[in-house]
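*Asks:* Chains as they are written, first to last, in this note's numbering: chain L, 1 to 206; chain S, 1 to 290; chain W, 1 to 367.
Since the hints were made in silico from the structure, they are not lab data. Just so you know, these numbers come straight off a predicted model, no measurement behind them. A hint or two may mislead.
According to the in silico footprint, chain L covers these stretches of chain W (three or more CB under 8 Å from chain L) [said to hold, decoys possible]:
(1) 62-69
(2) 330-337
Facing chain W, from chain S, some residues (calculated, C-beta under 8 Å) [said to hold, decoys possible]:
(3) Arg11
(4) Lys169
(5) Asn170
(6) Lys172
(7) Val208
Cβ coordinates follow ideal geometry from the N, Cα and C atoms, glycine included.
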Amino acid sequence: MKRFLSRTLPLLMVLIFGVLGAIQYFVPHKVSQVYYRTILTWSIGVSSMAVIMAAISFLRYHYKKIMSSEGDTLYSSIALVAFLAMLGFGAFGTDKGSLFYQFYQNIFVPINSTMFSLLAFYMASASYRAFRAKTFEAALLLTAAIIVILGTTPVGSSIFLDKVTMWIMSIPNLAQKRGILIGVGLGATATSLKIILGIEKNWLGG
Amino acid sequence: MAKFDISNIDRRWIYITILLGALLPLFVPITFAPKISPEVKAVYDYIDKLPPGSVILLSFDYGPSTLPETEPMAEDIMKHAFINGVRVIGISLTEEGALLALKAYSNVVKEFENYGTIRVNYGYDFVFLGYKSGRQAVILSIGEDIRKTFPTDYQGTNIDDIPMMFNVKNYKDISLVVDISSTNTPNDWITYAYSRYKVPVAVGVTAVLAANYYPFIQTGQIIGLIGGVKGASEYEYLVNQKIQSNWGMKPKRIPAMRNMSALTVAELLIVLFIILGNIGYFSQKGNKRR
Amino acid sequence: MTGVLLIAFLIGQSAPKGFTFKAFDTPNDQGNSITLEWSGDTTPIKIVRIFRADNAVGPFTPAKILFGNIHSYDDKDVQDGKPYYYKIILITTENEIIASPVLGPVSSKPSWFDMSKLPLFIVLSFYILVLLYYILSARKGKEIKLRPIAGLNAIDEAVGRAAEMGRPILFTTGLLSIDNLSTIAALNILAHVAKKAAQYQTRLIVPNYNPAVYTVAEAIVRESFLAAGRPDLFNSDDIFYISSRQFGYAAGVTGVMLREKTAAHFFMGYYFAEALLLTEVGASTGAIQVAGTDAITQLPFFIVTCDYTLIGEELYAASAYLSKDALLSATIKGQDIMKAVIIAFLVILFFVAIGAESLAMKVANLL
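Bound conformation, chain L alone:
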């Protein structure tokens, strides 16, 4: 019985709903639309359950951290207080002028921008380490990178690097993007088929 619930039933459901999902895409009939909306409602329902599970996980993780006194209790305390405070403020509305909105605008937004701006520093240190002309391909990549970086500055524009940049971005760069996308499309379809047919079972834990 346990094997049926943990193995056979999930594989059977994937087969049935996978095939129905594929058929639904090509059928515009009302029946198919009703089916699609029902599935969508169910998936929203299931996701909402997952949100509760996630919240429990969050609370448990940080509570245990605080109790274990391993040395990083401060961050977990902040996380817990922030979670509970925003949950509380949100209960009183999220309109402009509400506490929730104020905290979002004046704490969350600046913190978010700060994290985003760290990218500038990381880009510098990553390109310093990675762009070494160790092989012919690496040298090619390095040259292209320097041209594109300079091409977007006024310095590069003044020596026509902007035109070379434009060419690199719209011809070789676009071509590789499309190549990768074709491969991804084929790979994703093959993976879907293997899951629907029950050949790929790793997602069940192997």
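Place chains S and W on chain L using the hints.
*Replies:* This is chains S and W only, laid out in the frame that chain L set:
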């Protein structure tokens, strides 16, 4: 003290150099006169040639983390329109964009108050209709009647009581759609507004996204493209030149050009570090051979 | 009264020559829709008035007024199977009136197949047949040789390294939800890594961004530890949810890297701007890093900061490679055949396009 190794500089030195480089233009005003790229010039020329009284639709679809790139674009499009007597309808297809649209508009109003040359009036020159969910549905419904999706503006004023909206029904009455975005909303504007209703579309996006939209210029599906801080600084430069030639005053607020200076310094430093890294790498290789 | 007279007058008008009106069941839809179309030489249309009746002689009642230069309309307020008659009046910007003859009877019905998706259906069916052929031949025992992919060999190497150092492994599954295929591909790799981790008795930490993915990831790791015969080593506290805010998640994961001193990092699935934040901090800790993504804009960042990167379709092929299962590997051959077909098709179209252009130029020169 450890010996300084050029091929293995501690990342903390790199961080501090970039920080100082990016901060420099905030204290020492260095600005470069940008070389105007054709895709930015195309947007500028299109708006410049619109007769006074025309209406453009500006979609604010950017989030707070990309403000330095996108906000100057939105402001400069508005400034350019107002100088030419072109009216602007603002909407948002993203929730975050709606919160930021009014901030950009009030910046422009303040700047024009300082010039004291023309007055920008809400309801006559600009209206903000707010955020509506369901991107494609919103874009398509404007093709039929903008009142259907936006019966009121963001304050709840009936759209029929707003003077500049008296003669605006759908895309037929809109000369241009400009989408300033930090996400993939331009795809929807191109697919639904341009392809279906043949309304010209111009796009302003972050530098990362810009590469995705160059092909649309080649196919004529967008009239032009403002890409990242670079594109924003070019547009700002053009608008500022117009202000200078029209009213004889030099604009002091140049956020995009200042950001461009910071970006240029940071990018030149990155190139410098790449070169240093390679010098270090090859000298090490040379030493080993010897 | 004048309104009724006006309508009667308008309906009495007829269409100029060369102007066509059409009313038909909207194709490829779920029913309850009739499409009306009109075209011809005219100055731009200002107003469109549509009248509808249940029989040819009327009475015609106003169904819709449209403003602007519009050339089609879908009447969605109809019952399937019931016949309708239409009369369309166009008023141009020069106040010229163009009226249609009575159109109909026309009735709507739902379609069972969307003909606009036929080309996709054909290509997809062909591709599925190719894949099935290789799956069936693998079942008959035909072996498929796969070229080695460095990034995939590195997965076992990274797990081994962490085990040797006695430090944990970190695995992230990207920022998209469970309905996305790159997330599913990432979860397939997670199952493999979890089994290896259980065999080597190494701790596996999986911080999550998406609540739905979190619940599935926990189940996968639990089952994998069970399958490897070490359910005792499974710790549900090591698979946890951090945040569904992009940069909050990045801060949380990098915090785990620094505090837990993880020795091997796996970044599989779909990522956005947080990619570099995760991998650059990871690189600074000296951990071995393996990434796999089909997020094209983030690929360069992974390539420069990680030791190995699975690019695009390699992410999807990983599960087959790692399990060394003949049936799973079979489809990779099918993918290659399909790629060859697409390339051949593109090359042929390329030459056809060039040929057509040069022919057009020759004709133009002759004229």
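*Asks:* Decide, hint by hint, whether the structure agrees.
*Replies:* Results of checking the hints against the structure:
| no. | hint | verdict |
| --- | --- | --- |
| 1 | 62-69 | violated (count 0) |
| 2 | 330-337 | holds (count 4) |
| 3 | Arg11 | holds (7 Å) |
| 4 | Lys169 | holds (5 Å) |
| 5 | Asn170 | holds (5 Å) |
| 6 | Lys172 | holds (4 Å) |
| 7 | Val208 | holds (6 Å) |
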